[in-house]
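**Student:** Given next are the chains, with one letter for each unit.
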Amino acid sequence: MKKDFPILSTVLPNGKKIIYLDNAATTQKPLSVIERISNFYKFQNANVARSSHYLGEQTTIAYNGARKTVADFINASEDEIIFTSGTTESINMIAYGWGDANISEGDEIVVMTSEHHSDFVPWQQLAIRKKGKFKVTPLNADGTINMNEFKKSVTSKTKIVACAKMTNSFGVINPVEEIGKITHDKGAVFVVDGAQSVPSMPTDVKEMDADFLSFSGHKMLAPMGIGVLYAKKSIIKELEPFLTGGGMIDEVKTEFTTFACAPDRYEAGTPNVEGAIGLASAIEYLEEIGMANVLEHEREILEYAYSKLAGVERVILYGPKNFEKRGGILSFNIKGIHPHDVAAVLNSNGVAIRSGHHCAQPILRFLNIDFMATARASFYIYNDKSDIDVLADAIEEAKRRF
Amino acid sequence: MKKDFPILSTVLPNGKKIIYLDNAATTQKPLSVIERISNFYKFQNANVARSSHYLGEQTTIAYNGARKTVADFINASEDEIIFTSGTTESINMIAYGWGDANISEGDEIVVMTSEHHSDFVPWQQLAIRKKGKFKVTPLNADGTINMNEFKKSVTSKTKIVACAKMTNSFGVINPVEEIGKITHDKGAVFVVDGAQSVPSMPTDVKEMDADFLSFSGHKMLAPMGIGVLYAKKSIIKELEPFLTGGGMIDEVKTEFTTFACAPDRYEAGTPNVEGAIGLASAIEYLEEIGMANVLEHEREILEYAYSKLAGVERVILYGPKNFEKRGGILSFNIKGIHPHDVAAVLNSNGVAIRSGHHCAQPILRFLNIDFMATARASFYIYNDKSDIDVLADAIEEAKRRF
Amino acid sequence: MDDLSDLYAEVIMDHQRHPRNFGKLENFDREVQMTNSSCGDQISLQVKFENEKIKDLKFSGMGCAISMASASVMTEVMKGLSIEEARRFSDEFLEMVKAGKIPSDDLKDAKVFGGVYKYPMRVKCATLAWYALQKAIE
Amino acid sequence: MDDLSDLYAEVIMDHQRHPRNFGKLENFDREVQMTNSSCGDQISLQVKFENEKIKDLKFSGMGCAISMASASVMTEVMKGLSIEEARRFSDEFLEMVKAGKIPSDDLKDAKVFGGVYKYPMRVKCATLAWYALQKAIE
Ligand SMILES: Cc1ncc(COP(=O)(O)O)c(C=O)c1O
Ligand SMILES: Cc1ncc(COP(=O)(O)O)c(C=O)c1O
Numbered sequence: 001m002k003k004d005f006p007i008l009s010t011v012l013p014n015g016k017k018i019i020y021l022d023n024a025a026t027t028q029k030p031l032s033v034i035e036r037i038s039n040f041y042k043f044q045n046a047n048v049a050r051s052s053h054y055l056g057e058q059t060t061i062a063y064n065g066a067r068k069t070v071a072d073f074i075n076a077s078e079d080e081i082i083f084t085s086g087t088t089e090s091i092n093m094i095a096y097g098w099g100d101a102n103i104s105e106g107d108e109i110v111v112m113t114s115e116h117h118s119d120f121v122p123w124q125q126l127a128i129r130k131k132g133k134f135k136v137t138p139l140n141a142d143g144t145i146n147m148n149e150f151k152k153s154v155t156s157k158t159k160i161v162a163c164a165k166m167t168n169s170f171g172v173i174n175p176v177e178e179i180g181k182i183t184h185d186k187g188a189v190f191v192v193d194g195a196q197s198v199p200s201m202p203t204d205v206k207e208m209d210a211d212f213l214s215f216s217g218h219k220m221l222a223p224m225g226i227g228v229l230y231a232k233k234s235i236i237k238e239l240e241p242f243l244t245g246g247g248m249i250d251e252v253k254t255e256f257t258t259f260a261c262a263p264d265r266y267e268a269g270t271p272n273v274e275g276a277i278g279l280a281s282a283i284e285y286l287e288e289i290g291m292a293n294v295l296e297h298e299r300e301i302l303e304y305a306y307s308k309l310a311g312v313e314r315v316i317l318y319g320p321k322n323f324e325k326r327g328g329i330l331s332f333n334i335k336g337i338h339p340h341d342v343a344a345v346l347n348s349n350g351v352a353i354r355s356g357h358h359c360a361q362p363i364l365r366f367l368n369i370d371f372m373a374t375a376r377a378s379f380y381i382y383n384d385k386s387d388i389d390v391l392a393d394a395i396e397e398a399k400r401r402f
Numbered sequence: 001m002k003k004d005f006p007i008l009s010t011v012l013p014n015g016k017k018i019i020y021l022d023n024a025a026t027t028q029k030p031l032s033v034i035e036r037i038s039n040f041y042k043f044q045n046a047n048v049a050r051s052s053h054y055l056g057e058q059t060t061i062a063y064n065g066a067r068k069t070v071a072d073f074i075n076a077s078e079d080e081i082i083f084t085s086g087t088t089e090s091i092n093m094i095a096y097g098w099g100d101a102n103i104s105e106g107d108e109i110v111v112m113t114s115e116h117h118s119d120f121v122p123w124q125q126l127a128i129r130k131k132g133k134f135k136v137t138p139l140n141a142d143g144t145i146n147m148n149e150f151k152k153s154v155t156s157k158t159k160i161v162a163c164a165k166m167t168n169s170f171g172v173i174n175p176v177e178e179i180g181k182i183t184h185d186k187g188a189v190f191v192v193d194g195a196q197s198v199p200s201m202p203t204d205v206k207e208m209d210a211d212f213l214s215f216s217g218h219k220m221l222a223p224m225g226i227g228v229l230y231a232k233k234s235i236i237k238e239l240e241p242f243l244t245g246g247g248m249i250d251e252v253k254t255e256f257t258t259f260a261c262a263p264d265r266y267e268a269g270t271p272n273v274e275g276a277i278g279l280a281s282a283i284e285y286l287e288e289i290g291m292a293n294v295l296e297h298e299r300e301i302l303e304y305a306y307s308k309l310a311g312v313e314r315v316i317l318y319g320p321k322n323f324e325k326r327g328g329i330l331s332f333n334i335k336g337i338h339p340h341d342v343a344a345v346l347n348s349n350g351v352a353i354r355s356g357h358h359c360a361q362p363i364l365r366f367l368n369i370d371f372m373a374t375a376r377a378s379f380y381i382y383n384d385k386s387d388i389d390v391l392a393d394a395i396e397e398a399k400r401r402f
Numbered sequence: 001m002d003d004l005s006d007l008y009a010e011v012i013m014d015h016q017r018h019p020r021n022f023g024k025l026e027n028f029d030r031e032v033q034m035t036n037s038s039c040g041d042q043i044s045l046q047v048k049f050e051n052e053k054i055k056d057l058k059f060s061g062m063g064c065a066i067s068m069a070s071a072s073v074m075t076e077v078m079k080g081l082s083i084e085e086a087r088r089f090s091d092e093f094l095e096m097v098k099a100g101k102i103p104s105d106d107l108k109d110a111k112v113f114g115g116v117y118k119y120p121m122r123v124k125c126a127t128l129a130w131y132a133l134q135k136a137i138e
Numbered sequence: 001m002d003d004l005s006d007l008y009a010e011v012i013m014d015h016q017r018h019p020r021n022f023g024k025l026e027n028f029d030r031e032v033q034m035t036n037s038s039c040g041d042q043i044s045l046q047v048k049f050e051n052e053k054i055k056d057l058k059f060s061g062m063g064c065a066i067s068m069a070s071a072s073v074m075t076e077v078m079k080g081l082s083i084e085e086a087r088r089f090s091d092e093f094l095e096m097v098k099a100g101k102i103p104s105d106d107l108k109d110a111k112v113f114g115g116v117y118k119y120p121m122r123v124k125c126a127t128l129a130w131y132a133l134q135k136a137i138e
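Chains as they are written, first to last, in our numbering: chain C, 1 to 402; chain V, 1 to 402; chain R, 1 to 138; chain U, 1 to 138.
Check the hints yourself; a few may be wrong.
Calculated pairs, DSBU-like style, for lysine-lysine (alpha carbon to alpha carbon, straight line, at most 35 Å) [as the list claims (entries may be wrong)]:
hint	chain 1	residue 1	chain 2	residue 2
1	C	Lys253	R	Lys98
2	V	Lys233	U	Lys24
3	U	Lys55	U	Lys111
4	V	Lys237	U	Lys98
5	U	Lys118	V	Lys253
These aren't lab readings, by the way, just hints derived from the structure by calculation.
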């Protein structure tokens, strides 16, 4: 598998082989995706849905095909798939495009303390704009959602509940089916952040009954600059166009503009065709493996890492002990060493991890974590147990140095 | 030159060699840019400004370097350069981020009838949102701005004037220096759409004294999904963050969020690093040629095309006769043939042009153009006069067929 | 003929040059105006019904060869059909042009638009008149 | 030492283990609190002036080795300097860390942070205390 990913053969200037364990931040790309991009620009490139010449037709067919691939991947239909620049833009599109029209003074928006800033700040800002109430659900000590507190916080005034299917800080898999049911029972809209989960496990929007689901290509083998917003057919009509301009209009007059149908209506400007077909190519690669196998593999690595590091002196491991509740992310700290320094020592051993707040300040503050930061190793399809052995040795070196 | 662009060797299924004359829609990519993208994913890829490991550092250095390349290219400084997904997003960012906070009932927004929908609809929608007045400046018969009318339309109530430096419909180069002066004399903000001009001529934001300038990578040899918003240092402080989420924050608390400094403040979520370095690579290619030479080359092709087609029976050419007022775009019609049919016949001869309203319905309606559509041939650095010969022959065939 | 023939078959060129049922009906039950703004195409369609059948119909408008010919062919195919048949035939036509589905022989001349499927940007041109018809018999 | 040495020079490790001027002043003229939220680093800096000079200064806070050592070194370099000199030296330090500019020998021990330039993500760690100082002498 590693041979499909040229970057995984990188040797650092100090001679160490790279061990890439920063997959929750972004994933590496297989040759098939890199070549799909090159071939697009070498043989196919044109603007889409505008120009009726040979390349224009080829590009439009490829772009429409990519939309179908994405739709099938999450069990949606094509006109429920909006291409965006990433999860962050997708969530902003909901907050502005649906939120601004549907939230008014006193309405409640409920999010979890464990949300990524991209699934936290847009809702908070919406609440501030519309004088709504922004409610943040407390967690249990292991970073899972306190479901009793959640149930109490959802009321008849709740209009939106936003929750990640998998958190990026600790890799917690949240019970979105249950959360969705509680949300819908109160008549609120259920918004799922799939940035971590869609790359790592099978996704079925019908099963999780999400009204909106967002995810990013770059976290699942695809190029940067492409993301997806799934909007359920029954709610997409309520989503107002947010970005306006070329390609999303029907008729433009001085006094008013009428807009095209979904999904064009939501894709203003020249779309990122490269990104869309790159994402489709990445999905093909993942389906070859099978998404259930991706999760199983991540868990296997996680369990191995967990068992190697649990009980090691000075090492603190975060997150639930029940692996069924986790994907391939392991957040940890070494007592008395700032995670940045841990990351630096690991890096000098070739091991690439992330240190810091992981765009998740609320959970770190809530759990009162030292330095408001952790070290985070995150695994993907191309990692194996020997990567974990190097990680564990490097952790020992960090302990010796500091 | 053509050999740098693999796609220009495309042979259509019918055996015809491709003649790509749809550059105003999107440009083709040189091998150097295609390889820069591949190499990024093969050797460098990581998330940016977040992860302090080797690849993370490399990527961050490359991303910061790309920002500097872009800044130098338009004579700006790095903290005035915001990366976006394209011109359309850039303009929306101004309309929401500056417009919503600064436009109130009765304020005026002035645009030209010749604006692209992406520089028209966001302003119109802003005016509708804020109960402002949306004024559309009339044109002369050749598609140039009626400057007398423009002067009359700018008043002390005018808050924003938006204008393309080069129009995409007819390729008219507008006198933005003069328009900017009139705008600033009235105390309004001057917003320049550079989507067509930045790829085709030298750009100096200080000289044109733009407060904001937008452009897209894909129209200047760079990948799709990347664009730029330049915001002058003196005004960027008034620009509110528009998209919120990861990477653009300082501190996230339940009650409020504080935001990072410019430009990070405006780049929410994982940025399109591939796009940014692809754009930098494209700029290097263009600077090798020299932007003054790009314009000169486009004009040479335009003049050749104009002289070949002027006076040809049934052919109508749009735009001013003074080539100093034009870039490399030639919009035309053949009497009695719908431009879609023209494009189809041209395509069967390998010639790729755009037909339709070019996201510029207002100008076509204003000038009362048949079918509300034109055929448009647009030229770039890799086109030569022999391309125009094929175009002219294909036009004759279209006349024979219809 | 050359490679343009799957888009501009002789039948299509003939209808484009000599559109059938072009103009206005004196007497009609339904009138539908429809535009395809992405092309600037416009159609106005008038239909006269009798005994659950399309007794007569005429169209006027402006657009490319494909859209004009498709409107002309549509009127020829539809004249005299029951509303039930009209619905089924137009569904078949739309499936053929949008998704490449092979139609039944019932579509007659309209089958020449089968090649449009390969030109996604021209699909809107070929379908406009047929959507207008569907609206008229709704 | 190995390749970590351009980031964690011996001097830096020493200051990290034994920070100088750590704590609170009984008596001070200016106090500055600063955070680097992207890392979670915090610093509190107190300065006592006399005759346009920095008579004494102390810091407290929390952060990574680079940020703590940089604060400690800063206090050593600054003690006794005129405000004018403090401004110039801190400018020099910032230029060195942010842009890789070679500093003058005036910077003394602070020169060991010259390697941070190659680690753009650690620049904020190394500069926090120096920005705090600049704020204190504003
Ligand atoms: C003048 C002008 N403005 C704006 C745009 C919109 O650019 P994009 O589609 O890359 O967002 C274009 C290109 O289509 C253009 O030509
Ligand atoms: C759970 C979660 N939500 C949202 C995001 C934001 O995604 P992006 O930065 O691709 O917009 C991320 C990734 O950083 C994430 O992990």
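**Student:** Taken at face value, is the distance from the CA of U:Lys24 to the CA of V:Lys233 at most 35 Å?
**Tutor:** violated, 39 Å
**Student:** CA of C:Lys253 to CA of R:Lys98, is that 35 Å or under?
**Tutor:** The hint holds at about 29 Å.
**Student:** Given the hint that V:Lys237 pairs with U:Lys98, test it: the Cα-Cα distance must not exceed 35 Å.
**Tutor:** Holds - the C-alpha atoms of U:Lys98 and V:Lys237 are around 23 Å apart, at most 35 Å.
**Student:** Does the structure keep U:Lys55 and U:Lys111 at a Cα separation of 35 Å or less?
**Tutor:** holds, 23 Å
**Student:** Please work out if U:Lys118 and V:Lys253 have their alpha carbons no farther apart than 35 Å.
**Tutor:** holds, 32 Å
When each numbered hint is compared with the structure, a violation occurs for hint 2 only.
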